[in-house]
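Asks: Read off the chains here:
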Amino acid sequence: MKSRRLEQGGRIDRTKPIGFAWDGKSLNGYQGDTLASALMASGQQILGRSFKYHRPRGIMSAGVEESGALVTIGKDSGAEPNIKATTQELFEGLEGFGQNAWPSVRYDLGAFNSLFSRFFAAGFYYKTFMGPKALFGRGTGFWMFCERLIRQAAGMGKASREPDPDCYDHAHAHCDVLVVGGGPAGLSAATTAARAGLDVLLVEQDFELGGDLLNQPESANRQRKKLIADAQGQGVRVMTRTTAFGLYDHGVAGLVERVGDHLPGISQNLPRQRFWIVRSSHIILATGAIERQIAFGNNDRPGVMTASAGRSYLNRFGILPGERIVIATNNDSAYQTATELEDAGAVVSLIDARENVDSELIGLLGGSNISLRIRAAPLSVKGMRCIKALEYTTATSQGWEHGGVEDCDLLLVSGGWSPVVNLLSHLGYKPVWNREQACFVAPETDSTVFMAGSSAAIWNHEDCLISGQSVGAGVSKLLGCSVRQKKAPKAGGWVGPIKPVYEVAVKGRQLKSLVDPQHDVTTDDIRLAHREGFVSVEHLKRYTTLGMATDGGKVGNVIGLALMAEALGKDIPDVGTTTFRPPYTPVSIGALRGRNVGEHFRPLRRTPMHDWNLEHGATMTMAGLWHRPWYFAQQDEGIEQAYIREAATVRETVGLCDVTSLGKIAIQGPDATEFLNRVYTNPFAKLPIGKARYGIMLRDDGIVMDDGTTWRFSETEYFMTTTTAHAAKVMAWLEELLQTRWQDLKVHVASVSEQWAGCAVAGPKSREVLMASLDNEDVLSNENLPFMGVVETQMVGGIPCRIARISFSGELAYEVYVPSDYGVSMMGLLWGQAKIVGGCLYGLEALGALRIEKGHVTGAELDGRVTIEDAGLGKMASPNKSYIGKSLKNRPELVREDRPRLVGIKPKDRSKTFHAGAILCKQDQVSGMGEGWVTAVTHSPALGHWIGLGFIAGGHEAWKDTTAIVADPLRKEDVAVEIVSPHMFDPTGERMHV
Amino acid sequence: MLRIACPFCGLRDHSEFAYGGDATVVYPALDAGEDAWHDAVFMRENVRGVQLETWHHVNGCRMWLIVERDTLTHEIVSVRPAHPEWANAITTETSLKGDT
Amino acid sequence: MSKFSLWSVIQNGLNRQQGWQRQWRDPDPREKYDVVIVGAGLHGLATAYYLAKNHYVRNVAVLEKGWLGGGNAGRNTTIIRSNYMMPGNRQFYEHSLKLWEGLSHELNYNVMFSQRHHVTLLHSPAARDGAARRYNTMKLTDSDAEMWDLPTLRKEIPHLNYDNARFPIIGAAVQRRAGNARHDAVAWGYARGADGLGVDIIQNCEVTGVVRENGKVMGLKTTRGEIGAGKVGLAVAGNTSRLWQMAGLGNLPIETHKLQAFVSEPIKPLLDHVVVFGVGGAHFYISQSDKGGMVFGGDLDWYKSYAQRGNLPVVQDVCECATSILPCLGRVRLLRHWSGLMDMSMDGSPFICKTPVENLYLNAGWNYGGFKASPASGWYFADLIANNRAHETVGHFTLDRFRKGVIIDERGAGPDPKLHG
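Protein chains in written order, with the numbering used here: chain G, 1 to 994; chain R, 1001 to 1100; chain H, 2001 to 2421.
Among the hints, erroneous ones may be present.
Here are some of the chain R residues that sit facing chain G, going by a computed Cβ distance under 8 Å [said to hold, decoys possible]:
{"id": "1", "residue": "Gly1010"}
{"id": "2", "residue": "Leu1030"}
{"id": "3", "residue": "Ala1032"}
{"id": "4", "residue": "His1038"}
{"id": "5", "residue": "Val1058"}
{"id": "6", "residue": "Gly1060"}
From chain G, some residues computed to sit far from chain R (all C-beta separations above 12 Å) [as the list claims (entries may be wrong)]:
{"id": "7", "residue": "Ala623"}
{"id": "8", "residue": "Ala750"}
{"id": "9", "residue": "Tyr883"}
{"id": "10", "residue": "Lys906"}
Calculated directly from the structure, the hints in this document are not laboratory data. The structure displayed is predicted, hence computed values, not measured ones. Built from N, CA and C at the ideal position, the CB exists for glycine as well.
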């Protein structure tokens, strides 16, 4: 292929040269070039290597269907593999590299593979690499050895292991009509709809509007400009460099806008790409058509490309792609290209597979030196690294026969056109075969998505314009605009019909004819699949990998299907249809995630006292989306010293703990009491005003859902707290019950989790500390606020607060809530007082230690499989009323005596420790499923040794005087333990009631 | 993306909502027997076609809605509030079209 | 059936691949079979294979409405593991893993089971404790399990996000024998194996009705005529409810949901393990196929659906997960995403059981677990059909377990099918 840049012509700007590098070599192109056109203009031929056989590959197309010029752009962390050079805009400093080759794509040792290609037929790997049974028995070792080598050989480009340095954005848009494709049909459709008064968004994947007009000679530019001006004049919103990659339900489309891929360097101010979610009411697909190849020998050699690509490089990029050009076609579309190439200075010959060529077309060639052979088709390309000559065939009644050989440096092929119906396929529509036009077309759709132009198999330029207007007007009508609608042109538009030719072969000749060049799928592979029974499209695809490459089957699917139909003696539609999955062209994972990455992957929830906690020495830990204080280390304390000290301090004096993350729900209304009584297992009907009650709620299936306290403020008003983990779930559950099941109850629920900041004040000195922090300390006396009492009052300085005397630690304790903005003030007040009496701040770890000593359950115990009885809270399941879960909690397996029950665990040797997640086993059987498990472990400052909670079959009564083993094979530590009541400290609860 | 016309908020992405389940399930009285509860909690018709289902506008007005939707095509036929008093309060027109 | 081997590959290479035969026949249905399996997915095909192989029941047909292996067999992320801890599941999935280890040789078909380690990332002490219970149980029941601390994990997989992750990684729970396989090969291998033992695999044959007499199933009405059956086994995950209702049996504890899967463009080896994480309401799993594509997935689409196409919010979510854990994936491009139909059961666990109809058997409710389960599913379902009694291991995989109160809920999510992803 002796390609060169022409002196003039094309849409490139010769006054703006652009320097770039290819495999380390400095080259030049112009503004308006793609990487492919710049490389072609520089005479570069071998740009890639194929997947399996490492065959040399050059430019095959001028668009998104490219399967030859797949390259890597950029290096190190900015390296992006598998880019189609035909779609990459050239920019100053671009660094392109060949891939899947060593040492380079020009001289690739991997090509060694092709010597053995006869053994590497489709699916060969399913038949070997298992290893001899005698040597390897049942194992997978031999395969895994082979797999390592295969994986190295497979893959295409190399992705960086460094974090992607770029950023990406998400954006949203709404419109009446989304038009996909900025060619003549799309532009005219958009203009028509906008003229009718609709809000129209038009997206085009190319960096210029115009579609096929861009590939036409200079003279077409006037019309192109007019179409664009009309669209803009009517207020069409236009996005170029934007691919509609997928259509989804209800008029939603996913777009990716390449904001920075044509700009040098990494921008600090711009995202590299933007992922748009467009919500439209109607969609017009003017997505064009893609020219097909024909399968013949070595049809993948550099120097073989589609005819339309040849035209594009000539007219758009000002390149003469070859000097001696053969154009092989089976339809009308290549004739214009032939004359234009000849005009530009090439020696051109045409071979047409058809028996007759219309006189109009022959007239087109009149006056030129173009030789035309009819009934002729390409058979085999000569030349090892690039095309040197074409051997062609002629048609006889017996089929194809050797015709002759013609020297050439470029072969342009037109095997027909495939309308781009891919996007419609995403919505579940199955394309239907149009025999006359030899292509798949869109089926009848519902009334929201329409096809226009060549994507509806309309080949004629004028008809495409009319098609666009007609569809644009049709959509406008559907949306209530009154417009005149032209009659939509029918599919077709060529003067002579296409002659379907999918493969050219001559009996007895062995050819390597590629169907899907990217994956090296050959015509023989299709026939092998047939021979082995993989005859449905789905099996064919999966067995041969046809259509699974990065072009998504745009190149090979139809030929593969046609060959299978031939092998089966069926028609193409009887074999199947092609299904395209989103995305239309591959989309960066980065664009789809936008900014939700790294520390912004999920929102971070902080309590109002977050900074205060940090200032006071907190080390934070995760609790769902929350950050909560874990422990407050003093000097050089580690976590263990810190939490033990904190827990001990709570038992001795007082501790403060930020409990803001608990869920808080306001429940109000005349039926609020009845509602709570149905939701909780324990009775709430008689909870006095000014009192709180601990409650358990079950799921419908009788398993424990959540626990918490609910405070009564008036006849009709309650304040419920939930666990941090289940706050959202409980809220949704209450709403569901009220809105869908108990519609007669007059109750409102509202989440007030964000409205209140909370602090637990626990320890023998808690009353003292809290009293000193209140305006009126009398409200806190034992008489005024007994255990489980609730009061609304004010902290010093008039801070409104609500207090309940409830205890998770087992000490005299209070939970204090103030409006969130006062959270820090509350902590300041309380801490000022607590310090005086030698109190401390404590975190989740000490909270855990205190509750484990008391046998109080949390999420570690209530894991969604535990009944209220299992948790040792059976007393709270009222026998005298009905509540959610009451019925199903009595299912036979759930009431068995030998179910695992909550127990306390103490090591026999009090100096030993053990871990949560260990399995409780019988002493003489440390294997199998075990008898139970350990849920939580702490060092107990009160007891002076390690203790744990867990579940074990039958509960602690069944294990009285029986040693169990805490088996922890993961951490290689088995410890003998005694099983005790979970209430290991102050079992009668005296300390809470002082 | 499904687009659900919330009668209170207008046409919204389904990602604002949480799918509930089969809206035709009738939950028995709280003190009904195990069989009735078993059927309500565990057994589903699993309709392939148009079904009534609940959605919770959890990142919106927090109303539970009853949506009539085709599980095969995702086409939405109607949307109404699950609570009958809310349903009555809303005109049929808004409930079907939503406010775009 | 000709044997596959290195030798046969060389021979046929020299012979222009002319010596290969159909990998399975394309028979017309006979009038009657001893056993008819509905559904030529992995489970149906494996069942037929083990019926013929283990139980010598060879007058067997497998009916398929489309093409064999065309459902979830080809719509999964190919992960194989046995890190289940609930009684029943534990033994079942462990048996399945053992069958996987010998499957290529068993079937003389390279299913490419690559035991490349299943690595569950851990982000908090609570998550570590939860995983410890699971992995300790595995270890005590003769499986392999280990915990990696952070330095070990960093050494094994250096390019995870250790720097600015929203949920910092503190270690990993690992099953070394777990990995991935080539999903289509499994369907084809079982099909070829079953066919070789005389099983008729009848494709493009949709069941349209169930013929019942005196409470017994006598056969099936199909688009290819009525086919008599001594026993009928249903293995049609995604469409179980439809067949069940066709048999007049009412409702099931199953809902059909869709799960998407994703594959990137092929790239040179980037990830040598199966990596999984679940934190902050996210759920994500990823591995690299031998061809080079990153294969990954996450949660269900959250609403019930029979449409085999996914929606954008999950695409977005899954890509967030991918780059959060592997920040280098930002520049790797998504090549395809698609979705499959899941039989989501009320507790996330499957059914291999008898039914209220005497000679009708059910294999369903595979949730996320269907691919890895397929060998054992076929093994136990064949055992059930041949012997008309359930093996102890699958003793709780029954429809009445909800009535009894048997809990096999690995996630503790409760009776809501969408939560068992």
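Asks: The structure should be examined with respect to each hint, and the outcome stated for every one.
Replies: Status of the hints after comparison with the structure:
1. Given hint, Gly1010(R) at the interface with chain G, is violated; its Cβ is 12 Å from that chain's nearest Cβ, farther than 8 Å.
2. The criterion of a C-beta within 8 Å of any C-beta in chain G is met by Leu1030(R), whose closest approach is roughly 4 Å, and the hint holds.
3. For Ala1032(R), the interface hint holds, the least distance from its beta-carbon to any beta-carbon of chain G being 6 Å, beneath 8 Å.
4. For His1038(R), the suggested interface contact is upheld, since its CB lies about 7 Å from the closest CB of chain G, less than 8 Å.
5. The beta carbon of Val1058(R) comes within 6 Å of a beta carbon in chain G, closer than 8 Å, and the hint placing it at the interface holds.
6. The restraint placing Gly1060(R) at the interface with chain G is violated, with a minimum CB-CB distance near 12 Å, outside the 8 Å limit.
7. The beta carbon of Ala623(G) sits about 21 Å from the closest Cβ of chain R, which is more than 12 Å, so the claim that it is off the interface holds.
8. The beta carbon of Ala750(G) is not kept farther than 12 Å from every beta carbon of chain R, the shortest such distance being approximately 9 Å.
9. Annotated as non-interface, Tyr883(G) brings its C-beta within 12 Å of a C-beta of chain R; the closest such distance is 6 Å.
10. For Lys906(G), the non-interface assignment is confirmed: its Cβ lies about 39 Å from the closest Cβ of chain R, beyond the 12 Å cut-off.
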